[in-house]
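Student: Residue numbers (our numbering), protein chains in the order written: chain W, 1 to 338; chain G, 1 to 338; chain Y, 1 to 338.
Treat the hints with care, since some could be wrong.
Identical chains share a label here; the pair holds if one copy fits it or two copies do between them.
Think about it this way: if two alpha-carbon atoms lie no more than 35 Å apart in a straight line, the pair counts; the simulated DSBU-like pairs of lysine-lysine are [unchecked claim]: (1) K45 <-> K63; (2) K63 <-> K88; (3) K326 <-> K142; (4) K148 <-> K166; (5) K63 <-> K47; (6) K88 <-> K148; (7) K192 <-> K142; (8) K310 <-> K63; (9) K310 <-> K327; (10) K192 <-> K63; (11) K45 <-> K88; (12) K192 <-> K88; (13) K47 <-> K329; (14) K88 <-> K47; (15) K47 <-> K192; (16) K192 <-> K45; (17) K45 <-> K310; (18) K192 <-> K166; (19) K142 <-> K329; (20) K326 <-> K310; (21) K192 <-> K310; (22) K166 <-> K142.
Everything labelled a hint here was simulated from the structure, so no lab data went into it. Remember, it's a predicted structure, so these values are computed and weren't measured experimentally.
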Amino acid sequence: MSHTLAELANYVGGRAEGDVTCVIDNVASLGSAGSRHLSFFTGGKHKDSLATTGAGAVVLSAKHAELSSTNLIIVDNPLLAFAKIAQKLNPQEHLPGIHPDATVESDAVIDATACVGAQCVIASGVQIEAGVVISASCVIEKNCVIGKNSRLHANVTLNDETTIGKNCVIHSGAVIGGDGFGMANDEGRWIKIPQLGRVVIGDDVEVGANTTIDRGTLDDTVIGNGVKLDNQIQIAHNVCIGDHTAIAGCVGIAGSTSIGRYCTIAGGVGIVGQIEIADNVHITAASVVTQSIANSGAYSSGTPLQENAKWQRNFVRFRQLDETYKKLKRIEKQINNK
Amino acid sequence: MSHTLAELANYVGGRAEGDVTCVIDNVASLGSAGSRHLSFFTGGKHKDSLATTGAGAVVLSAKHAELSSTNLIIVDNPLLAFAKIAQKLNPQEHLPGIHPDATVESDAVIDATACVGAQCVIASGVQIEAGVVISASCVIEKNCVIGKNSRLHANVTLNDETTIGKNCVIHSGAVIGGDGFGMANDEGRWIKIPQLGRVVIGDDVEVGANTTIDRGTLDDTVIGNGVKLDNQIQIAHNVCIGDHTAIAGCVGIAGSTSIGRYCTIAGGVGIVGQIEIADNVHITAASVVTQSIANSGAYSSGTPLQENAKWQRNFVRFRQLDETYKKLKRIEKQINNK
Amino acid sequence: MSHTLAELANYVGGRAEGDVTCVIDNVASLGSAGSRHLSFFTGGKHKDSLATTGAGAVVLSAKHAELSSTNLIIVDNPLLAFAKIAQKLNPQEHLPGIHPDATVESDAVIDATACVGAQCVIASGVQIEAGVVISASCVIEKNCVIGKNSRLHANVTLNDETTIGKNCVIHSGAVIGGDGFGMANDEGRWIKIPQLGRVVIGDDVEVGANTTIDRGTLDDTVIGNGVKLDNQIQIAHNVCIGDHTAIAGCVGIAGSTSIGRYCTIAGGVGIVGQIEIADNVHITAASVVTQSIANSGAYSSGTPLQENAKWQRNFVRFRQLDETYKKLKRIEKQINNK
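Same shape as in the complex, but just chain W (with noise of 0.2 Å):
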């Protein structure tokens, strides 16, 4: 799958510099390229890469050009541009059909152009739109639906009545429409409330590795277009993801929590149940959020590493945050009153 660099940059609606009738095969870091690859340069520590690589061209800005050497295209959104690129010279072929050692119920509605791999389980009433790839040993249970050319990898499991749109990603391990963790309390012992919502996943959606995502209790859990999941996330029944917005792995949000449009939510944060945040909302690594966000912006909670000595310290002195506030205010009065 070869382009030459001015048919690539002609792709990208980029600028071709340097020898533009040569071949690209594929793309590779600056540091292990090859002379038939492409190689890509958004700024920061790898600019000595740059200097030394052995690409055969570099997808870059404007404002880096001379920093190389070699041959170019340049564009306005290096990264993007390479996304693009990479994508054109990795297409994803499947040959259609179901694998005889996958188990699919008789009514289940298969496009012929699908896919279905070995030691898949595919139950009754789903329905599996065109160009759709199931990889091996997946379980799909009773009326899911999976859109166009969506794909499942290994050993996804998509719990009944689960919908999942076109294009999307679903990667291995991940469960999709397990029961919500609702109860009622009854003098002491947990009574499980049946949890009859759906999982209903949008258009372009990812969802990384070993996700969870929790069925609604009475209405549906919901994941807009477009959102990206990374790895080891857990969504809990009710709740909205809105478009377009992407959360990083060990992400937890409790149940009923409505997200925002175009967030992002870096890894480990805590979100708690019943909340709202708003679009463009911005969340650093490993913050806990217990109450809504109102307004766009950035957020964060948490202390910073010390050496363990010096933190013993400052941990114990947090548990005397109040008295010392209030110490302080004794001490101000004090003064000033003098």
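With chain W's structure known, arrange chains G and Y on it following the hints.
Tutor: This is chains G and Y only, laid out in the frame that chain W set:
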């Protein structure tokens, strides 16, 4: 599975008001319910939805009765009554039998009323009791025991010797009985300590999707009766969890820690190893527990979410907390000596 | 697999005391051991159990010998000796061969001494070396390599091109080789950057249940020799982990971060992307690492657990930490100027 309002009220020991002959087919939320649905109200922000609901009936407590103009079931604990009715209206039925695409060792003992799904693997020495449902693609390793009426959702793994009680629900992707993280250090290199204990789970336990419970090193890891575990919880070797304790998603509990009965542990909490937590302890979201807790009550740790710019300034000052405290002490002394 | 005490002492280079001809069948805890069991003692709170144990023999260090009245193996590192003896008494044996219910592509190369369990899927181009054990329902995608004597527990997923060294143990639900979370932003929408690197795992590595290790974007994600990873760890694309580092459960490591050799990272730690951590760094539970660590040593972050009411007051004061600090500075100046 329809019932009149009078029948349902009688079933939960409540009082029916309005048209007690109205027929209820299922439950739904206040916002989406129709005339043959029962909904519930427990107070708070859904007051408007209660006033405008299309539900055929609502279950609520006497103090909220006047807020609704539809038919009612009046009870002391509306959520509990709703849970019981929702279960009654949504019975889980499964045809018994072993799917022909399952792999079952000849000496596994499977009750004739149990159900084993497609692509399951049931190893030697396994005992599966009456009414058990094992969904597709589960692996049940050697000598596991699964008690009456328990249900394993798709893609559960029970490593060898695991024992599950009666009426349990294990969600997809859960791994029960993996090796504990036990090693000895040999001049910098880690040597594995074989993990020879089991996981023993009581009756009426729920285990969430992708939750992991490690086997004990020598003695067992023990989960008490009525314990409810949400998704993506990690329970290390030799942990003991007391009866009727509920633990929310993304909690991690390190080795040999013992947790009491009737505790609630909110999402994202971390609990170190080798400690003991009393009965009736409640820990709020994302807290970190580094010492034993001897008395019942509510406990917390953590810092508040702030706009990033403000947080940065406070974050830095945490490093000087002990220094600040000591400075204040000196000033206090100085002033009082004047 | 029985041995006399003398044989076992000799095996670990220790000194047998008491009846050196007593026969040991297996290991057990001090509390549950019988006369044909060996137990161990490393100090601390188990002193009472040592005094009353029914164990046939105990392995401990010379300084603790007088605390016991049973037969002994005296060594410098009792836990290490115990680990070695426990391994010797519990050999892992498996019949070689491919289960008839596995799906194996014709061009996969599987050593005749390897074992492939029921419902496994072994794709094209896979190489499985001598003595490898693959338990039930694993998926090994295209071109993966699994080195000699490594063991995959049930339901492991190796995405394509993953390389595992010798003598590794991979626990159930682990996903190795999923796509990294790499995207470019196109006016608010996220465009996927194809993830073309691999995961390369060294020798003697353990990977815990439901742990996820993402493939590199262009270059590889690399796990060194002797690395031990507990359950539910998330390792992002292009992370490098140095030899003999041990990481406890629920740790998340963001993209392109490099961790040194002989580190220990406790449970629940979060580590941001693009940083470097030196050799011999030890990070305590639930800390958050936001900057590179250049020097070996112990590091921590976080705040103490308190009763909820007390914590609430301190929690609020954290918002004013910088303001409090500055107020104190002003007062100090005011006093010193008097």
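Student: Would you list, in rising numerical order, the hints stated earlier that this structure does not obey?
Tutor: Those not satisfied are hints 3, 13 and 19.
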